[in-house]
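Asker: What follows is each chain in one-letter form.
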Amino acid sequence: MIAYKFLAAGRTGPFTGYVWPERQWVDAPSSREGAGVHACRIADLPFWIDHELWQIELAGPVVERETQVEARRGRLAGRVGSWDARALAEFAVHGALRARDLAVLALGDAGIRSDALARAVTLQETRVVLESLPALSGVPAEMAAYAREACTRALDGAAASATHMAAVAAVALLGPTGFAAERSIQSRWIAERCGL
Amino acid sequence: MTRRVPEELTCAEMVRLVTDFLEDALSLEDRTHFEQHLVFCKGCAAYVRQMRKTIEASSALKGEGLSAEAQAELLRLFKGTCK
Ligand SMILES: [Zn+2]
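Residue numbers (this note's numbering), protein chains in the order written: chain A, 12 to 207; chain B, 6 to 88.
Isolated chain B, as found in the complex (with noise of 0.2 Å):
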């Protein structure tokens, strides 16, 4: 199927979108149509709960419940993917 409303967000658009919409980063225009769609599309508002959930959690973490091998583990693991 064709789009057939161009000013409809699409699937792929929110999930490019989604960061911004969480940091309320989108301007009103783009904020409206997000939200528009989430009314309509289970998928993207799963989707959305599922980030927000995941932001949550790890922003919960504050890493003090790690020993100092995890800690060190971690920054090594961490350091290798940035290379």
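Bound conformation, chain A alone (with noise of 0.2 Å):
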């Protein structure tokens, strides 16, 4: 199975420090479920942002959970270069504007107009723009939060954080399924943006 995997600078594993070897098969440490290999389906990817996004070549049982996969055995196949600093920046705006975007829909049904936030283009103007709103309440006052927050998240250069509060902010508005729609959105974008 191929698969993919997000590392930390220099091939290391985010949570172990491991750092795996290019193109070397690697054998899990036990067969204790949970100590294999894991890896990303594309659905998985939004959950585990990192700095290097790799292929990964699975061998053995795989195991599919929820959000990643378990092998056996692993593999490095090659990096995928269009994740870099500027994809990463990128997404990081992504989610922010999404949880913006999510903000205006509940501004609308709200009947509170806010073409002004519909229309920023910049992280730093949609911040202006949120922070210029009359005093909200109630669910528009927590997706205003939630868009600025996202904002700050991103100026701050945290992708993982922005996106992850624009699902949140999808769960605020759309009800449970909101979370898992907004990965999905999530993951389509980084799919089309490295070319997946």
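Everything labelled a hint here was simulated from the structure, so no lab data went into it. Where a beta carbon is used, it is the ideal one built from N, C-alpha and C, also for glycine. Hints are supplied without guarantee of correctness; some may be wrong.
[Unchecked claim] Pair by pair, the computed Cβ-Cβ distance ranges are:
hint, chain 1, residue 1, chain 2, residue 2, range
1, A, Ala70, B, Tyr52, 33 to 43 Å
2, B, Glu28, A, Arg97, 15 to 25 Å
3, A, Met12, B, Thr59, 21 to 31 Å
4, A, Ala20, B, Ala62, 20 to 30 Å
5, B, Cys16, A, Glu136, 47 to 57 Å
6, B, Cys16, A, Glu75, 24 to 34 Å
7, B, Ala73, A, Pro40, 35 to 45 Å
8, A, Arg130, B, Asp35, 35 to 45 Å
9, B, Leu27, A, Asp126, 28 to 38 Å
10, A, Arg97, B, Tyr52, 23 to 33 Å
Reassemble the complex: the two chains are provided individually, in unrelated frames, and hints are given to aid placement.
Answerer: Right under this line is the structure:
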């Protein structure tokens, strides 16, 4: 099976600190459930964002779980070069602007005009408009807060955080299914941006 | 803000679970949620890094570098905290 794996800079496992060799098979340290080689299907990618994205070949029994797959062996097959610092920054902006779009919908549902917010192009502009909104309450207030926070996090370069905020905002507006729906939009964004 | 995604861990829950995470004692489900939280929460990621460093530093201390007086004083103080 061919899947994907996010790693920290230098092919480093974000939770184990293990430095992955290139193009060499790596065996799981034990056969215990959870101790295998973890990787992503395209739909899983938004949950595990990091600096490097690699294609990984998996072997042995592959167990598919909700947000990842686990195999007994894995081999980094090649780096996805299109996932770079610029893609990471663009993904952060995508998250923040999605949170903004959801806030615009919530404000519209509440009968509050938000043309300037819908038209805002940059994160700075979006944040300024959000900060100048009249006093809000209930869901519109919550949605505006998510959008503002997502802008702040994206401006801070925290792509995983900004996009997570968008997924939480989607739950606030759409209910429990909103989270998976937003993560799905994000995985499609990554796939298109990186040509996966 | 309310807790919108019930299956996700809060930062307070992360603090409670960090020792189990570092000792690899979490269930697979909890560990997955723990690691996902680390991806999007810079504060908890920094906290876990710090905890890991502290554990590494303290496990490197073997006590041979301490004088007999210092060891006795530390033992006395330690016993004092366990009353
Ligand atoms: Zn946290």
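Asker: Now tell me, hint by hint, if it's right for this structure.
Answerer: Right, here's what the structure says about each hint:
no.: 1; hint: A:Ala70 to B:Tyr52: 33 to 43 Å; result: 36 Å, holds
no.: 2; hint: B:Glu28 to A:Arg97: 15 to 25 Å; result: 39 Å, violated
no.: 3; hint: A:Met12 to B:Thr59: 21 to 31 Å; result: 39 Å, violated
no.: 4; hint: A:Ala20 to B:Ala62: 20 to 30 Å; result: 24 Å, holds
no.: 5; hint: B:Cys16 to A:Glu136: 47 to 57 Å; result: 30 Å, violated
no.: 6; hint: B:Cys16 to A:Glu75: 24 to 34 Å; result: 29 Å, holds
no.: 7; hint: B:Ala73 to A:Pro40: 35 to 45 Å; result: 41 Å, holds
no.: 8; hint: A:Arg130 to B:Asp35: 35 to 45 Å; result: 44 Å, holds
no.: 9; hint: B:Leu27 to A:Asp126: 28 to 38 Å; result: 50 Å, violated
no.: 10; hint: A:Arg97 to B:Tyr52: 23 to 33 Å; result: 29 Å, holds
Comparing the model with each numbered hint stated earlier shows that hints 2, 3, 5, 9 do not hold.
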